[in-house]
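The whole structure should be built from the sequences, with the hints applied where relevant.
Spelled out, the chains give:
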Amino acid sequence: MLHQILSTTWKDLKILFTDISGMATLFLMPLMFIIVMSTALQGLFNTGVDAQPRPLPVVNLDRGEYASQVIAALDDIDGIEVETAWDEETLTREQAEMLVVEGERSVVVVFPADFSQQIAARAEDDDATAIVELITDPATSVQLIAPIQGMVFGAAERVAETEVTQARITAGLASAFAQLPAEMRLTPDQITIEMDGASVVALEQVAPAEMEIEVEPDTYQQNVPGYTVLGVFFIVGAMASSILAEKREGTFRRLLVAPLLKPILLAGKILPYYLVNLIQIAIMFGAAHLLFGMAFGDPVALIAISMALAAAATGLGIMVAALGKTDTQIGGLTSLLTLTMSALGGCLMPTSIMPDFLQTLSRFIPHAWAMQGFQDVLVRGYGLAGILPEAGILLGFAALFFLIGVWRFQFD
Amino acid sequence: MEAVKGISFAIRRGEIFGFLGPNGAGKTTTISMLSCLLEPTAGTAIVAGYDVVKASNEVKRRIGLVPQDLALYLTLSARDNLDYFGRIYGLRGRALCQRVDEVLEMVGLTERAKAAVKTYSGGMKRRLNIAAGLLHRPEVLFLDEPTVGVDPQSRNAIFEHVERLRDEGMTVLYTTHYMEEAERLCDRVAIIDEGRIVALDTPRKLITDLGNGIIHLGIANGMADGILGRIRALPEVKNVVRFDGKIRVEAARAQETLSRLLELFNSTDTDVTALEVLEPNLETVFLHLTGKRLRE
Chain A
1 MLHQILSTTW
11 KDLKILFTDI
21 SGMATLFLMP
31 LMFIIVMSTA
41 LQGLFNTGVD
51 AQPRPLPVVN
61 LDRGEYASQV
71 IAALDDIDGI
81 EVETAWDEET
91 LTREQAEMLV
101 VEGERSVVVV
111 FPADFSQQIA
121 ARAEDDDATA
131 IVELITDPAT
141 SVQLIAPIQG
151 MVFGAAERVA
161 ETEVTQARIT
171 AGLASAFAQL
181 PAEMRLTPDQ
191 ITIEMDGASV
201 VALEQVAPAE
211 MEIEVEPDTY
221 QQNVPGYTVL
231 GVFFIVGAMA
241 SSILAEKREG
251 TFRRLLVAPL
261 LKPILLAGKI
271 LPYYLVNLIQ
281 IAIMFGAAHL
291 LFGMAFGDPV
301 ALIAISMALA
311 AAATGLGIMV
321 AALGKTDTQI
331 GGLTSLLTLT
341 MSALGGCLMP
351 TSIMPDFLQT
361 LSRFIPHAWA
371 MQGFQDVLVR
381 GYGLAGILPE
391 AGILLGFAAL
401 FFLIGVWRFQ
411 FD
Chain B
1 MEAVKGISFA
11 IRRGEIFGFL
21 GPNGAGKTTT
31 ISMLSCLLEP
41 TAGTAIVAGY
51 DVVKASNEVK
61 RRIGLVPQDL
71 ALYLTLSARD
81 NLDYFGRIYG
91 LRGRALCQRV
101 DEVLEMVGLT
111 ERAKAAVKTY
121 SGGMKRRLNI
131 AAGLLHRPEV
141 LFLDEPTVGV
151 DPQSRNAIFE
161 HVERLRDEGM
171 TVLYTTHYME
181 EAERLCDRVA
191 IIDEGRIVAL
201 DTPRKLITDL
211 GNGIIHLGIA
221 NGMADGILGR
231 IRALPEVKNV
241 VRFDGKIRVE
251 AARAQETLSR
261 LLELFNSTDT
271 DVTALEVLEP
281 NLETVFLHLT
291 GKRLRE
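Heads up: the sequence lines are chains A and B, in that order.
Take the first sequence: its position 70, counted from the start at 1, is 70 in my numbering, and no numbers get skipped.
Take the second sequence: its position 187, counted from the start at 1, is 187 in my numbering, and no numbers get skipped.
Treat the hints with care, as some may be off.
[Said to hold, decoys possible] If you want the ones that stay clear, here's a sample from chain A, every Cβ over 10 Å from chain B, calculated:
| hint | residue |
| --- | --- |
| 1 | E157 |
| 2 | R158 |
| 3 | P272 |
| 4 | I393 |
[As the list claims (entries may be wrong)] Under the rule of at most 20 Å between Cα atoms (straight-line distance), these lysine to any residue pairs were calculated in the SDA-like manner:
| hint | chain 1 | residue 1 | chain 2 | residue 2 |
| --- | --- | --- | --- | --- |
| 5 | A | K262 | B | I88 |
| 6 | A | K262 | B | K118 |
| 7 | A | K262 | B | Y84 |
| 8 | A | K269 | B | Y89 |
| 9 | A | K247 | B | K54 |
| 10 | A | K247 | B | E58 |
| 11 | B | K54 | A | L261 |
| 12 | A | K247 | B | I247 |
| 13 | B | K54 | A | L260 |
| 14 | B | K54 | A | A258 |
| 15 | A | K269 | A | A399 |
| 16 | A | K325 | B | I88 |
| 17 | A | K269 | B | D83 |
| 18 | A | K269 | B | D80 |
[Said to hold, decoys possible] Here are the computed distance ranges between Cβ atoms for each label pair:
| hint | chain 1 | residue 1 | chain 2 | residue 2 | range |
| --- | --- | --- | --- | --- | --- |
| 19 | B | G49 | A | L260 | 36 to 46 Å |
| 20 | B | G169 | A | A245 | 31 to 41 Å |
| 21 | A | A245 | B | G24 | 22 to 32 Å |
| 22 | A | D412 | B | V148 | 11 to 21 Å |
| 23 | A | W407 | B | R137 | 35 to 45 Å |
No wet-lab data here; the hints were simulated from the structure.
We put the beta carbon where it would ideally sit given N, CA and C, even for glycine.
Next up, the structure:
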């Protein structure tokens with residue numbers, strides 16, 4: 001019995017290893033996933049490593065000295081690299097907003113002109129509050145913003161509290177000594193200095209003026225597009241396997257004997273999967289709307305970006321069908337492409353937390369453009385005109401994949 | 001690699017023309033070229049009056065192909081398969097429905113029409129495979145090894161379908177490596193080997209030309225040369241050839257020649273080490289022409 005099991009195992013191993021490239025992708029896929037995910041997430045797990053500091057643009061409009069002290073304190077924090085200049089010029093508020101709008105940075109810190117003035121006033125006036133503005137893309141995840149909020153608040157509050165406390169002690173002592181008769185001595189318990197427990201600094205999170213905000217992003221608006229884009233690209237495997245089966249079973253051969261043009265036949269193979277993609281997106285977004293009350297934003301824009309996304313996914317399906325010659329190759333290629341591209345494209349985690357080179361790489365991944373398009377509609381409140389660039393780029397990817405696919409496609 | 005090396009033949013309208021040859025002889029390649037799947041590297045081919053390269057669409061409208069592979073959607077029903085292939089050929093609505101019913105009836109699958117094809121027996125799948133090639137009433141039907149893996153009962157049913165199609169005026173090109181099929185079905189047969197047609201005629205004529213029988217003799221070493229001339233001189237013997245250390249005797253009447261041969265060997269003290277009388281059939285014709293058996 002054992003002999004039979006071992007014989008069968010050996011036979012199947014031999015069959016598997018006859019498809020070397022198929023097997024290679026099976027091994028390559030998890031390896032790629034490990035590399036991409038580990039590199040992409042190093043920003044989250046390695047925050048204290050100086051070698052990989054996270055850039056934090058800071059605009060200092062403060063007329064006093066305290067903002068500079070806070071900036072110096074922030075610069076001392078491991079894992080943070082304060083940027084006060086851009087293109088060798090001091091960073092302005094307008095530039096900072098553009099950095100966020102263009103996706104170069106997800107958070108910018110702004111110290112307003114009266115920052116020091118408010119801290120100084122606090123010694124006398126309990127209502128005086130020093131505001132620090134955080135300009136953020138509304139689509140940036142809370143996981144990314146929260147640590148930065150904590151670091152900025154902590155650094156600013158330390159500087160402010162030190163100054164306010166010193167000012168109050170000085171004022172309190174001066175007041176106490178002023179009231180004393182010259183011959184009297186004062187013991188420490190006879191001096192009272194009033195300190196309140198309220199924070200001196202307050203953070204204000206704002207979006208760039210160019211981003212029209214309809215709603216605040218919630219967990220569903222972050223996750224639903226992510227998993228939808230991930231799921232939509234799973235069509236690649238189903239589509240490529242179906243085409244391979246047509247070749248294997250000889251049905252393509254039968255169809256090609258009919259008076260039927262090859263592009264028509266291919267279009268017939270693509271269309272059902274394109275429709276399945278659209279249904280998939282409708283179901284995912286519909287469920288998110290019904291179950292979690294997620295708002296859709298502009299429906300026309302949402303439909304446009306969905307149609308462009310489905311075109312890119314089915315285009316990739318044709319390309320994989322053309323490149324994969326066996327089921328194993330197609331399975332491996334599908335997993336390799338869909339998972340790696342999903343990770344790089346920001347479906348599993350925001351691209352903004354990835355290292356710069358991965359963020360640059362993500363511009364060449366359709367998933368990233370689909371994610372940006374969906375978040376433009378859902379979170380940033382853009383209409384059709386606002387998502388045309390993303391839709392156009394997705395259609396460009398679709399055309400590229402389709403052309404490679406048709407170029408390499410063999411019908412038998 | 002050249003699969004077909006300069007073949008030339010003409011098929012008459014309304015005949016069943018057989019392509020008989022072993023696997024790899026070039027039968028499927030020829031059919032692929034005639035059905036516009038493969039462009040010939042040289043030469044011309046005219047099917048139903050149209051050039052397969054210059055007017056491939058006209059050819060495709062007039063031909064039906066029953067490929068060697070089943071070429072069916074196994075998870076769909078027979079009706080769904082036929083409905084789809086019919087639509088590809090431009091059939092619609094009532095005409096499509098009626099034609100699907102007709103071909104289902106023709107191949108005897110009406111009762112199982114709604115069952116998934118994967119539940120069919122091998123013979124049923126083969127019959128459906130043929131039905132799919134008939135939907136658009138082609139003028140010329142290419143049947144590429146349609147009986148591979150089919151039980152004898154289904155094979156007979158397929159023969160009857162093909163004969164009926166011929167009787168209705170359809171021209172059929174039938175490839176097979178089963179000589180019994182070619183003998184039974186085909187009006188004319190081309191014997192193909194290594195990409196060349198080595199003989200072309202009616203099965204009867206091919207067999208008659210060969211004589212009524214072939215006798216293979218094994219004779220002890222050193223004795224063969226002397227005996228060859230005496231065998232040739234025997235009445236009824238048409239040809240004597242040495243091959244693979246044996247002697248092949250082609251005779252008009254195998255039985256009479258055999259007794260004369262035995263007399264000759266007795267009188268000359270010749271040691272016969274092997275003796276085989278081959279049936280007069282296409283298998284023997286093929287062996288005679290190529291020195292190989294059909295199913296080698």
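Hint check:
| no. | hint | in the structure |
| --- | --- | --- |
| 1 | E157 | 67 Å, holds |
| 2 | R158 | 69 Å, holds |
| 3 | P272 | 13 Å, holds |
| 4 | I393 | 36 Å, holds |
| 5 | K262/A - I88/B | 12 Å, holds |
| 6 | K262/A - K118/B | 27 Å, violated |
| 7 | K262/A - Y84/B | 17 Å, holds |
| 8 | K269/A - Y89/B | 17 Å, holds |
| 9 | K247/A - K54/B | 26 Å, violated |
| 10 | K247/A - E58/B | 24 Å, violated |
| 11 | K54/B - L261/A | 15 Å, holds |
| 12 | K247/A - I247/B | 48 Å, violated |
| 13 | K54/B - L260/A | 16 Å, holds |
| 14 | K54/B - A258/A | 16 Å, holds |
| 15 | K269/A - A399/A | 16 Å, holds |
| 16 | K325/A - I88/B | 26 Å, violated |
| 17 | K269/A - D83/B | 17 Å, holds |
| 18 | K269/A - D80/B | 17 Å, holds |
| 19 | G49/B - L260/A: 36 to 46 Å | 21 Å, violated |
| 20 | G169/B - A245/A: 31 to 41 Å | 36 Å, holds |
| 21 | A245/A - G24/B: 22 to 32 Å | 26 Å, holds |
| 22 | D412/A - V148/B: 11 to 21 Å | 18 Å, holds |
| 23 | W407/A - R137/B: 35 to 45 Å | 37 Å, holds |
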